[in-house]
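Undergrad: Chain by chain, the residues:
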Amino acid sequence: MTLLVAIGCSAESGTGPLAQEPIVSPTPMVARIETLPPDWIVNPDLYDQDGCLKPPPDSSVRVCPPPHAPFTSLDPNDPGPVAGYQGPVGDAAGGFVRVLKAGRPIVLVNSLTTSQTGPWRAVGLVRNEGGGTIGRATVRAVLYGAHGAPLETVTGPTLLDSIREGEPAPFVLEGASDASLVDHVDWSVEPGDLDPAPLVRAFAVGIDWSVPYGNRDRVDLDLPGWPVDPPAPPYPFLMTGTVTSYARTPVRDAHVVVAFADPTGRILFAGAATMLPVVEPIGWQGSQGYVLRVEDPKVGPLLQSSGKGGRLPTATTYLWAWGQEQ
Amino acid sequence: MTRLLTALAAASLLVALQPADARAYRFGTTPLNDVLYWSGQTTKRSGRTTNELAAMVLAPTWPKTGAGSSYTPSPMTLSRWDYASDRLWEGGDHRTAYPRSFFHPGVGMWQLDSTGLGSALPTWRAISSYYAAKLVAQRMASAYCSSSGSESQRRAAAWRPWRACANGACESIYQAIYEPDRVVVTADGSVGREGGMVARTCRYSGDLTTFTCWFVDPAVAQGHKSSWQQAPLNGNYTAGPSPLSYGFYTFGFDPQGLEWRHWFQQDTGYAVTSYASRPSGKDVRSYSLWYQGRVLCDESTGRGYCPPGG
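Just so you know, the protein sequences line up as chains L and G, in that order. Here the first sequence stands for residues 1 to 326, where the numbers follow this note's numbering. Here the second sequence stands for residues 1001 to 1310, where the numbers follow this note's numbering.
If you're looking for bench data, these hints aren't it; they were derived computationally from the structure. Hints are supplied without guarantee of correctness; some may be wrong.
Derived pair list, reagent style EDC-like, types lysine to aspartate or glutamate, alpha-carbon separation capped at 20 Å [claimed, not checked]:
#	chain 1	residue 1	chain 2	residue 2
1	L	Lys-54	L	Asp-39
2	L	Lys-54	L	Asp-75
3	G	Lys-1044	L	Asp-183
4	L	Lys-298	L	Asp-253
5	L	Lys-101	L	Asp-78
6	G	Lys-1044	L	Glu-280
7	L	Lys-54	G	Asp-1254
Chain G on its own, in the form it takes in the complex (with noise of 0.2 Å):
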């Protein structure tokens, strides 16, 4: 633990010495520390320093955020360009009448996704920017240090999983942002770790066993959100983007490997609570499964379904 504060606080040194600069990509202050820390940690795998992986790691959020060059991503982010699969709607079916209890696929700042990268990572470690940077630096580390080529096209290796960084454009964010001794990154107090997601003590209704839930509400959600919170919130099947998700609770894996997310009643205003698994390993869009029903409660705040005895 000790060494992880002295890299911590190393990482919070280098955000402190960089000089305000409006040309600065923007980054939540927490989220780079964790960025810089699993970076520090990740440099005997790929023989690069904290600094050139932690710029590598970083380069693909903006773009896969839409936050551009001028705003802070947000760990909160869901995908909205995934929309044609059925299992990805309520119940099952596009036609649904409760189109934002919708499972966005794909989460966070680096956009990890059931199909892919993201395959073994639940909906709040991919949003958790501890958890979420300690798997894509150890990713790009991996394929950095694997790959053949000049520098650039070992790093274009390690850029490959994420479609936003073709054609050079993670390149010239990685130029424009890493320098030897620091990472040009304004760093954004305002941005947390988790980007608005929070903690919360759930139970199952019937059950007083209770356990750590994550309230996911986008309308709360820190860091850049116009690109990824664009209307139609109700979504089109035909032609994206998908619906936006109202706030959801979401945890798991549980012992058979599912994570799960509710969306109550409270939230949606809809005339039900809805419910959905995805196993770990496995592709939301072919392996959801959709449930109606309050078995739910948000111990922390009393929402859900909360009956007197467990």
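Chain L with its partners taken away, still in its complex shape (with noise of 0.2 Å):
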């Protein structure tokens, strides 16, 4: 009973620029994770002294918690129900790691996708494998024409206001050569702040559904923020979720991230969503919407086939959220 009163309306390190070559440490860390808290916290009234779920009324089957799987185990790397965090896991998968080889922050070279014509842009994942959280990170790429002659220097942010250990982050840089002068491209990342203000993570993240790009039927929900559809199409791509705080302290100033990558693991986009007003700090188990629109004629259809797949996203979807302490 507690928890009712508690939720709802009443309540209530790095070291400089990394060269794109990874620095492998000797003995490499492990990184602390924040996961969501068990069901048994998150619904204390539903479980009894022994941690199984008591009976509804006019039940009698009360259900224990199965023994662990004796064929199988979890891969020691899987971080597990990252909070804040939903996407991809694993080094190869460009995702979230547990080992943290390099030491530092590195640029993940495989998930850069950088335009061919008209001025060049680049967006892709940086990965935080330095020991501690960081703050916004800077991205550095230096452009080099056909005979080595460096063209440009363009910087850009992350877009997380901090990065934790083992956590990728997304990238958008644009510059102003032109794309099809640039031969090769030096990448690097500086770590922001090394102590940086701290954040609330302890958020599920996740997609309730989305709608394709392009010829579809308009979507009209009758909400403040939401953004309204074109009067005729192409419709840009829509997706919407919903961030739910485990924080036992009340949050403000929600924020959630996407990026999608195509199946090679190489970015295709990167940016906010629009988060959808609250009138009160997010409590625990408050939550709270998002949207999010693409209207890029080029990336909007690659992010979910009209003809296929469903109401989700069919590109890989990263999602991250953060929020304040009120």
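Grab the two chains, each in its own frame, and use the hints to assemble them into the complex.
TA: Structure (structure tokens):
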């Protein structure tokens, strides 16, 4: 019953730039990863003192947890349900990792997508493989022309305010050089503040549904902050989801950042979602919606095929969520 | 418990007092009591009355299950329109020879999905109206409470996670079923809390420790079935729908945080017994792991692999 009162309406290191080749630390560190609380913490009213689910009224079925399956075990590198993140895990997948091989933040070169024509543009991921949370990192790309002459140095921040140990973080860089003249790029990343202001990451973040770019039915939700579809197609790709707080103190200014990758792991899009307005800080198990709209006719159709896959993106999806203590 | 039973008795009374109304939406009797009970428990959060919140909680179930206004939503409803992720298919490959060993990601009357609201709910709890209604009532109350705008906009905020509620669909249902002193719903005694899912006693083969497992057989689902049991039952990876699963056993989460579904040869008629896991908090489309082999015994019926002596 305490739970009910607590919720709702009345509530209530890194050392500088890193070259493209990661430096492999001799004894890899293991990331400390914040995971989401188990159900008996979230719903204590459902459980008895033995950790079993109490039967519903008019039922006699008391359900205790089944034993550990004897024939399998989780990948020891799987970080589990990471708070404030949903997406790929593991080194090969360009995801969250438990083992910090490089000892520093690195650019994940396999995640990079660069423009081939027009102004040079890149989108991709860095990953903090150093010990400790860092502030917003700065990604640096030095562009070279055909004969090795430097064309431009482009820098830009990651889209996360802070990056935890093992966590990937997206970035978008936009330069002035003609992309067709760029022969190669040297990448590096500088960690941000080594002692960043603490952020609340105790969020479950998920996708509720999405609709594809192009010629689809119009979607109209009579909600403050909800983007209105244009009067005629092509309609944008739309995705909406929910963040749910498991922080013990109310949280304000929740943020969600989204990235999509193609089947090879190259990032197609990265950007901040629009948070739907709330009238009060989010308490324990309180939630806030978000919506992402992608109008780019080159990217939108890549995120969800209109003829395949149902109601969710077909591209691999990364979600990050954070907020600040009230 | 006394308070609980009192609330349930009141809820039952609300249902019983409703006159027969051919226009009324239909809902299982015990599931309706569950919705009313949890709505009553959650009113502090939303500032809504029990009936207001219950009508909100009920509204998405008819469009989400395809039951429309004429039929009773089935608690066992399994999603058919998520089919393009190989990890949902047996062995993690849509070219499998065993298509109806299929891991439906959306489950139950609210189609709680492992990528969204159902992420931390095992299959059997997403089917049970008792557990599913608790989650939905809490989430809707929270969303309503924290949103701004008119009352209808705040309801729209509570329904936002259900795509089927867009374009005013759930507001129309809400207006049809809500009255201040009751929820205008015809109670259907033929649809129970688990919608035909049954509790069994299972053990791993070679282990004497027994535990509760649940047998989910779409063939005996209660309530509306035709819109989620339509052909082709083997599915179509290119254009949908997904396969419709044969009966399967499910349980979890276990101490590793895994939920399991097992498809016995005896139920599928296939050459193999398959099983798959999903970690709590993670989307089955990305995190299912598939296995083949006989490792589970339904102790209640002697089905599965039940070697003597454990």
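Undergrad: Determine for every hint whether it applies to the structure shown.
TA: Results for each hint:
Simply put, Lys-54(L) and Asp-39(L) have alpha-carbon atoms about 13 Å apart, close enough for the 20 Å limit, and the pair holds. Restraint check for Lys-54(L) and Asp-75(L): the C-alpha separation of about 31 Å exceeds 20 Å, so the hint is violated. The hinted pair formed by Lys-1044(G) and Asp-183(L) fails the criterion: a straight-line CA distance of about 63 Å is larger than 20 Å. Restraint check: the Cα-Cα separation between Lys-298(L) and Asp-253(L) comes to about 31 Å, which exceeds 20 Å; the hinted pair is violated.
This hinted pair checks out: Lys-101(L) and Asp-78(L) have alpha carbons roughly 15 Å apart, not beyond 20 Å. Annotation: proposed proximity of Lys-1044(G) to Glu-280(L) holds, straight-line Cα distance about 16 Å (limit 20 Å). Distance restraint check for Lys-54(L) and Asp-1254(G): the Cα-Cα separation of roughly 17 Å lies within the 20 Å cut-off, and the hinted pair is therefore satisfied.
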